[in-house]
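Number of protein chains: 2
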Amino acid sequence: MKFNDFLNNLSNYEPGKDIEVIAREYGVSEVIKLASNENPLGTSPLALKALQENAHKAYLYPDDSMSELKMKLASKFKVSEKELIIGAGSDQIIEYAVHSKLNTQNAFLQCGVSFAMYEIYAKQTGARCYKTASITHDLSELKALYSKHKDEIKLVFLCVPNNPLGECLNASEVEDFLSFVDEDCLVAIDAAYNEFASFKDEKKHLEPQKLLKKYKNALYLGTFSKLYALGGLRIGYGVANEEIIKAFYKLRAPFNVTNLSLKAAVAALDDEDFISRTLENNFNEMKLYEEFALKHAISFIPSYTNFITYFFDEKNSSDLSEKLLKKGIIIRNLKSYGLNAVRITIGKPYENERFFTEFEKII
Amino acid sequence: MKFNDFLNNLSNYEPGKDIEVIAREYGVSEVIKLASNENPLGTSPLALKALQENAHKAYLYPDDSMSELKMKLASKFKVSEKELIIGAGSDQIIEYAVHSKLNTQNAFLQCGVSFAMYEIYAKQTGARCYKTASITHDLSELKALYSKHKDEIKLVFLCVPNNPLGECLNASEVEDFLSFVDEDCLVAIDAAYNEFASFKDEKKHLEPQKLLKKYKNALYLGTFSKLYALGGLRIGYGVANEEIIKAFYKLRAPFNVTNLSLKAAVAALDDEDFISRTLENNFNEMKLYEEFALKHAISFIPSYTNFITYFFDEKNSSDLSEKLLKKGIIIRNLKSYGLNAVRITIGKPYENERFFTEFEKII
Numbered sequence: 096m097k098f099n100d101f102l103n104n105l106s107n108y109e110p111g112k113d114i115e116v117i118a119r120e121y122g123v124s125e126v127i128k129l130a131s132n133e134n135p136l137g138t139s140p141l142a143l144k145a146l147q148e149n150a151h152k153a154y155l156y157p158d159d160s161m162s163e164l165k166m167k168l169a170s171k172f173k174v175s176e177k178e179l180i181i182g183a184g185s186d187q188i189i190e191y192a193v194h195s196k197l198n199t200q201n202a203f204l205q206c207g208v209s210f211a212m213y214e215i216y217a218k219q220t221g222a223r224c225y226k227t228a229s230i231t232h233d234l235s236e237l238k239a240l241y242s243k244h245k246d247e248i249k250l251v252f253l254c255v256p257n258n259p260l261g262e263c264l265n266a267s268e269v270e271d272f273l274s275f276v277d278e279d280c281l282v283a284i285d286a287a288y289n290e291f292a293s294f295k296d297e298k299k300h301l302e303p304q305k306l307l308k309k310y311k312n313a314l315y316l317g318t319f320s321k322l323y324a325l326g327g328l329r330i331g332y333g334v335a336n337e338e339i340i341k342a343f344y345k346l347r348a349p350f351n352v353t354n355l356s357l358k359a360a361v362a363a364l365d366d367e368d369f370i371s372r373t374l375e376n377n378f379n380e381m382k383l384y385e386e387f388a389l390k391h392a393i394s395f396i397p398s399y400t401n402f403i404t405y406f407f408d409e410k411n412s413s414d415l416s417e418k419l420l421k422k423g424i425i426i427r428n429l430k431s432y433g434l435n436a437v438r439i440t441i442g443k444p445y446e447n448e449r450f451f452t453e454f455e456k457i458i
Numbered sequence: 096m097k098f099n100d101f102l103n104n105l106s107n108y109e110p111g112k113d114i115e116v117i118a119r120e121y122g123v124s125e126v127i128k129l130a131s132n133e134n135p136l137g138t139s140p141l142a143l144k145a146l147q148e149n150a151h152k153a154y155l156y157p158d159d160s161m162s163e164l165k166m167k168l169a170s171k172f173k174v175s176e177k178e179l180i181i182g183a184g185s186d187q188i189i190e191y192a193v194h195s196k197l198n199t200q201n202a203f204l205q206c207g208v209s210f211a212m213y214e215i216y217a218k219q220t221g222a223r224c225y226k227t228a229s230i231t232h233d234l235s236e237l238k239a240l241y242s243k244h245k246d247e248i249k250l251v252f253l254c255v256p257n258n259p260l261g262e263c264l265n266a267s268e269v270e271d272f273l274s275f276v277d278e279d280c281l282v283a284i285d286a287a288y289n290e291f292a293s294f295k296d297e298k299k300h301l302e303p304q305k306l307l308k309k310y311k312n313a314l315y316l317g318t319f320s321k322l323y324a325l326g327g328l329r330i331g332y333g334v335a336n337e338e339i340i341k342a343f344y345k346l347r348a349p350f351n352v353t354n355l356s357l358k359a360a361v362a363a364l365d366d367e368d369f370i371s372r373t374l375e376n377n378f379n380e381m382k383l384y385e386e387f388a389l390k391h392a393i394s395f396i397p398s399y400t401n402f403i404t405y406f407f408d409e410k411n412s413s414d415l416s417e418k419l420l421k422k423g424i425i426i427r428n429l430k431s432y433g434l435n436a437v438r439i440t441i442g443k444p445y446e447n448e449r450f451f452t453e454f455e456k457i458i
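Protein chains in written order, with the working numbering: chain A, 96 to 458; chain B, 96 to 458.
Derived by calculation from the structure, the hints in this document are not laboratory data. Hints should not be assumed to be uniformly reliable.
Pairs involving identical chains hold if they fit within one copy or between any two copies, as the list cannot separate such chains.
Below, in silico cross-link-like pairs of lysine to aspartate or glutamate (EDC-like), each with a Cα-Cα straight-line distance of 20 Å or less [unchecked claim]:
1. Lys245 <-> Glu375
2. Lys167 <-> Glu120
3. Lys152 <-> Glu125
4. Lys382 <-> Asp158
5. Lys418 <-> Glu455
The structure presented is a predicted model; accordingly, all values stated were derived computationally and were not measured.
Can you build the whole structure from these sequences, using the hints too?
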């Protein structure tokens, strides 16, 4: 059977390995997953309660207006509900951004290494991809590349902080870039990990309302998968001016988010104690990862996220990842990003200790 | 801001109204929803148990291989796991079928009135749409229209039984049609309600394994939203030969289904008692809807689904739906399908009684 030609150019995302699958395949009894930047403290107690209380409603279609969560987010961000769209993960909003702006005649821009899904979605449209020579966000390089291909570039992704590398632009730099580009170029600011960055350094804190007010082409992307610990429930959101949200709505399938995800997200936003504990654990434990790297002369970029990326010279990241897997520890090998590096999610204290113990033996 | 031109041609699906929203808007205390073909018996006890037991895993990304559910479905249908793809509702598999086959240069075929999402997704590709003059599936009309535009038509939707009308082709007619069309034309057999039809009349029963074996271009679509009562959790599947599934996988975003949906679906498949009770309630109560229609001289098509469609001559379906809404009863007005008709989900006995009581007053 013949399929549309554009399918030939598509590649698939390589997801983090699943705990149950690894336990089975490697015959390991206890598996520690430090691969997918999930919240190591588990599901937030308030979200768990909402799930338990609403589980019996699984037979009912979701409220497609999503008014409860939208009201909550609108009040949190001081924006209008018309400036909001909710997706099956912020991934889905990335997809809408790509499909509404890109086509075979234009291009998008990102830094050298960033979230893989930007390029995967963009390939579906046949658009070109421009990446800076620097793997991290370098504002002057981004500007130079934008200027050179100004007529082509209709979408820019800024990942603030950057996954899978961990560095983070300042909010002022994001604004500087927004001021620089044409109004017809959509700038998607992927803030999936921005709560972590803001906690470490308030200069990194992005306010969607402030961005929207000043820049008609700003799109802020947030997720419930990281700090809010709902990775399994696929829920995220986009904040932008009404015109952009309207265009995205045309691409949205009805019922794109489950009713239990909506209920859990509403509850998770209120769980301030859980949020504080998550942020504190993360940066306390991050210090140990930095000390470990310094002690073993492993290069790393100071991280503003809930993970740290270690770079290697002689050791091979694939070998190291495979050796850890055999011990029941899953980390993320970054070979598919063209890097001899691994990304490790900051876990709970005992998980991190086990990682240090096992990793020390093999480096 | 400029967006891709194709967005201008898109329309949105009109979902059934939400219970909580209607209660608020109309100030009604008890709302009865007979609008979205949800299972009136609620969530299956086994699925509910699975949700309660797995709710604490909401923080973990889903197993993207979906191996547990795939194994279960493969064994149920006697197909290989490579012949299966799981989507956020069977809607998402419809989307993959459309995007892998259709483009501005070709077309798809359906009967006069069928599930609205076929056309909504197809519009995203710019493909043409051919519909038979008959609103229901008329095999000879479908064949004639296919023959006339054979070179253009690359995808056909058969909805077996048909939503929103309720009629149902025999399995032998589906096979007859499959034998008739070219191998390069994908035939999507939407079996969302086929379990209901099979229970009423075994001649309607479709076996994916049998279809796959004989026809390389057959795609069977199933859902957990109706009989299995998981409409809120957005989960469905496609069964087709490996080549088709591979093409669809290229369009699939990672983690397209939530981890709780996967767990609930596995459990729901096992809940035989719940399934029997659902089917029995449905067709026992269906009789009352037929009697009601006969008594009031309302036209209807005998239904092989969990809903019945009433057609009106003089009364206006929009007025009738609105009057019922004020009484706290939600049914589905079919004006957006170009019909002066309403679709009513078969509810629990007391819900149906309330419908009859209120409807009798206004017709």
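Check lysine 167 against glutamate 120 for me: Cα-Cα at most 20 Å, and say if that holds within a copy, between copies, both or neither. between (42 Å within a copy, 19 Å between copies)
For the identical chains here, do lysine 382 and aspartate 158 meet the 20 Å Cα criterion within one copy, between copies, both, or neither? neither (43 Å within a copy, 30 Å between copies)
Which holds for lysine 152 with glutamate 125 at a C-alpha limit of 20 Å: within a copy, between copies, both or neither? Cα proximity of lysine 152 and glutamate 125: across copies only (16 Å, versus 33 Å in one copy).
One pair to classify: lysine 245 and glutamate 375, alpha carbons no more than 20 Å apart. Within, between, both, or neither? neither (42 Å within a copy, 64 Å between copies)
Please work out whether the CA atoms of lysine 418 and glutamate 455 approach to 20 Å or closer within one copy, between two copies, in both situations, or in neither? So lysine 418 and glutamate 455 pass the 20 Å test inside one copy only (12 Å; across, 72 Å).
Violation of the numbered hints given earlier is confined to hints 1 and 4; the remaining hints are satisfied by the structure.
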